[in-house]
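Colleague: Going down the list, the sequences are from chains A and B.
So the first sequence is numbered by the working numbering: it starts at 5 and just counts up by one.
So the second sequence is numbered by the working numbering: it starts at 6 and just counts up by one.
It should be emphasised that the hints constitute simulated quantities derived from the structure, not laboratory data.
There's no promise every hint is true.
[As the list claims (entries may be wrong)] Straight line, CA to CA, 27 angstroms or less: simulated DSSO-like cross-link-like pairs of lysine-lysine:
| id | chain 1 | residue 1 | chain 2 | residue 2 |
| --- | --- | --- | --- | --- |
| 1 | B | LYS73 | A | LYS437 |
| 2 | A | LYS429 | B | LYS99 |
| 3 | A | LYS401 | B | LYS73 |
| 4 | B | LYS175 | A | LYS183 |
| 5 | A | LYS84 | B | LYS68 |
| 6 | A | LYS401 | B | LYS79 |
| 7 | A | LYS183 | A | LYS287 |
| 8 | A | LYS437 | A | LYS231 |
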Amino acid sequence: MKKILVLCSVFLAASMALFANGTKETKSTLSPSAGKDISMEISFITHKQGMEDLFARYQKEFNEQYPNVKIIYEPTPDYKSNIVLRWSNDNWGDMCMIPHVFLPQDELPDHFASLGPLSEYENVYEFASAFAYDGQVYGISSTGTAYGMLYNVKVLKDAGVDSLPENPKEFYEAMRKVKAKGEAIPLYCDYGAGSRLADWEWNARGSLTGDSDYKNKLCYMVEPFAKGKPYYEVLQILYNCVKEGLCEDDPATSKWDSCKNLLANYQCACTCIGSWACVDAQKLCKNPDDIVFAAFPWNTDGRQYATIAADYAYAINKTVTGAKYQVCKDYITYLTEKSNFSYDTGGIPIVKGQTYPKTLKSLQDNNVKLIIDNPPKQQDIGLFDELNSESELYLGKYQQKARIVEAAMGQSKETFDEIMDDWNKRWTAAQIKIIGSDYATRNPY
Amino acid sequence: MENNKESISLFLLPPESLTRSQKIRKFFQEKKTQKHVTIILFSVVPLLLLILFTYLPFGEMVKFSFYKMKYLGKRTFIGWQNYQEVFHRSDILKALFNSLYYMGAGVIQLSMALFFACILSFKTPLKNFFKATLFFPYLVCALAVGYIFGFFYSRGLVLDSVLGLFGLSKGTLPYWLKDRSINNWSIAATSIWRYQGQSMVLFIGAIQAISPEFFEASSIDGATRWQQFQYIILPSLKPIVILNFMLMVKGSLSAFEGPYVLTYGMNGTATTVVLMHQLAHEAGKVGLASAMAVILLIIILAVTALQNLIYSKFFKGE
Chain A
5 MKKILVLCSV FLAASMALFA NGTKETKSTL SPSAGKDISM EISFITHKQG MEDLFARYQK
65 EFNEQYPNVK IIYEPTPDYK SNIVLRWSND NWGDMCMIPH VFLPQDELPD HFASLGPLSE
125 YENVYEFASA FAYDGQVYGI SSTGTAYGML YNVKVLKDAG VDSLPENPKE FYEAMRKVKA
185 KGEAIPLYCD YGAGSRLADW EWNARGSLTG DSDYKNKLCY MVEPFAKGKP YYEVLQILYN
245 CVKEGLCEDD PATSKWDSCK NLLANYQCAC TCIGSWACVD AQKLCKNPDD IVFAAFPWNT
305 DGRQYATIAA DYAYAINKTV TGAKYQVCKD YITYLTEKSN FSYDTGGIPI VKGQTYPKTL
365 KSLQDNNVKL IIDNPPKQQD IGLFDELNSE SELYLGKYQQ KARIVEAAMG QSKETFDEIM
425 DDWNKRWTAA QIKIIGSDYA TRNPY
Chain B
6 MENNKESISL FLLPPESLTR SQKIRKFFQE KKTQKHVTII LFSVVPLLLL ILFTYLPFGE
66 MVKFSFYKMK YLGKRTFIGW QNYQEVFHRS DILKALFNSL YYMGAGVIQL SMALFFACIL
126 SFKTPLKNFF KATLFFPYLV CALAVGYIFG FFYSRGLVLD SVLGLFGLSK GTLPYWLKDR
186 SINNWSIAAT SIWRYQGQSM VLFIGAIQAI SPEFFEASSI DGATRWQQFQ YIILPSLKPI
246 VILNFMLMVK GSLSAFEGPY VLTYGMNGTA TTVVLMHQLA HEAGKVGLAS AMAVILLIII
306 LAVTALQNLI YSKFFKGE
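In isolation and in its complexed conformation, chain A is listed as follows (with noise of 0.2 angstroms):
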């Protein structure tokens, strides 16, 4: 009996320094430089499923600079929800990935290591601000994301649509002729794949104002959502086409599978969407050509513009240190310049000059200007999230434009003016309790 009150009072001791342990370890700053010859392990969380090949690829290449160390990727499904889980205690492992548009920025030096000042990459790379906080770098994107609309330009063409649409009028028109024409649908809204849905929402800020602080100005605004606004322009187009039946028939059970291959075997015209989609588009189409990413219809005296965002980013863990922490680090640069990522992935390139993938050519031949969210000037950062957690607007998420699309299909009493008057009243009143009632008066853009 002793023996076994000995073996749980061990037993608990154990486990109870195994609990304390790494909360006191002292911090270097100083990275000196890894040996080559150094062996470790490193863990990596990641939202990519199915992608064992690249990794391998990855191992091999980064063999040839550290022989001996390992990258133990984690696949993680349901990526944001879990991620958040797994922060909330410092022990979550080496590297992973952070999430675009996720954690305000004043909360990333809580979790990750400052990769430099953001000077240093500032000129190098593109989206260098996207994960920074006060002059410190603490992820480095690992693609950037056009927005815009993917079209099937032979569908179109059969349908009498010789140009693709740069204004909503056109645009309507164009749908009608597809729909016209019987043989395909002419948009595909995604909306049973929920997330889809915000994709609308990011063309509201660069692709229709060419103005990199519009959702900075946003938290200022009065009455953002009223007609005439950006917000409200861009998800009338989504109400109209799906109230007038251009779109899926049965938006309740689509997905962005089905889109896919309706895109490819010229069943559909066209859908909203990051530039990511395109090559996943192209490897299904018997002729990739026909699969073709451009601008949202809209065009400001004439010129088009198109938000790009940065992608998810590379971080690694604030209690790494040391020799793991400039492996870490160089895996990271590895990443960025050599591995190719972007460019397989069809995303815009990291490092400033490199060619753009041909997927993104359009947008450069037809002199779309990309615009990137500026970040928030100091005393503004995570004013956004606060203001969209409080309205529960789910701004850059799906929740509320699903209910426009309900309210289009017919399936609640709403219209889209009472819609978006409801989303005014609760930014406004977002805006009073955080802000204050002079909350127009203080913008500082």
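Position chain B relative to chain A; hints supplied.
Modeller: Same frame as chain A, but now just chain B:
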């Protein structure tokens, strides 16, 4: 051996004459004490796990419900505000109302389970095959269920073509997930499909525990199968019916997988837990979601207590 003799003699000596250390030793050697020590030691591990993974997180959650907070970042104490908000929101009420669909489906599920359990407890051809087939859906993971039924309910696919075989044309059929008047039923039906087998297995177990002599004797007396069901099976099944019923009510109040994997809770299908997930993980209102969870727990406890009350009032006395 020497030691043993001494320990036996401890029990023979009058208690007053024992020294302090002898008293302690005697205490530990008593059968009653030994029994308690064994029980405590054996339950330490499960209790530890229970506390670590259920009560501690629950305590944390109750704490969260008094804060305005996200998982990460700063937290502010706001007292009962979250609870007040829960009672003032129409979407939460609607979500709670949606549980009724699952309760309705639950009643069908239990009746079907009882029916199949009775049939499969007696001599039926291919008995084990049917048992396995009916139980199988319970083993399919929720994500796969979502995928399967996504196709099943798609316009013009599985369900529509099957109904087409019976002469129902596409025009007369509803959109199973798009149409708000029916989508909650469609999703609740998937939960019947999934959990019916589990309830059935519980029923079969209970029926098999009934002594076969009852059936023998009653059939000699000329009882029909229905009479056997009414007077033998049903009365002996009462506790397990109540248990299944309680599990069903709890399950319907906290239904999550079906609506989440099929529609993400869009189009008026959000149940309380889906809404909780959305508020906590998408809107970043963990405090509010925690308050909802606490209230949901209270509702479940209340319903369970009510059921117990009804049970003891109306059935126990018989």
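Colleague: Confirm or reject each hint.
Modeller: Here is what the structure says about each hint:
Under the criterion of a C-alpha separation no larger than 27 angstroms, the hint pairing LYS73(B) with LYS437(A) is consistent with the structure, at around 14 angstroms. A threshold of 27 angstroms between alpha carbons decides the hint, and for LYS429(A) with LYS99(B) the separation of about 22 angstroms falls inside it, so the pair holds. For the given pair, LYS401(A) sits about 21 angstroms from LYS73(B) by alpha-carbon distance, which is consistent with the 27 angstroms threshold. Of the pairs offered as hints, the one joining LYS175(B) and LYS183(A) holds, with about 20 angstroms between alpha carbons and a cut-off of 27 angstroms not exceeded.
Of the supplied pair hints, the one linking LYS84(A) and LYS68(B) holds, its CA atoms being roughly 24 angstroms apart against a limit of 27 angstroms. Only pairs whose Cα atoms come within 27 angstroms are accepted, and LYS401(A) paired with LYS79(B) is accepted, the gap being roughly 23 angstroms. Restraint check for LYS183(A) and LYS287(A): satisfied, since their Cα atoms lie roughly 26 angstroms apart, inside the 27 angstroms limit. Among the hinted pairs, LYS437(A) with LYS231(A) is consistent with the structure: their alpha-carbon atoms are about 24 angstroms apart, no more than 27 angstroms.
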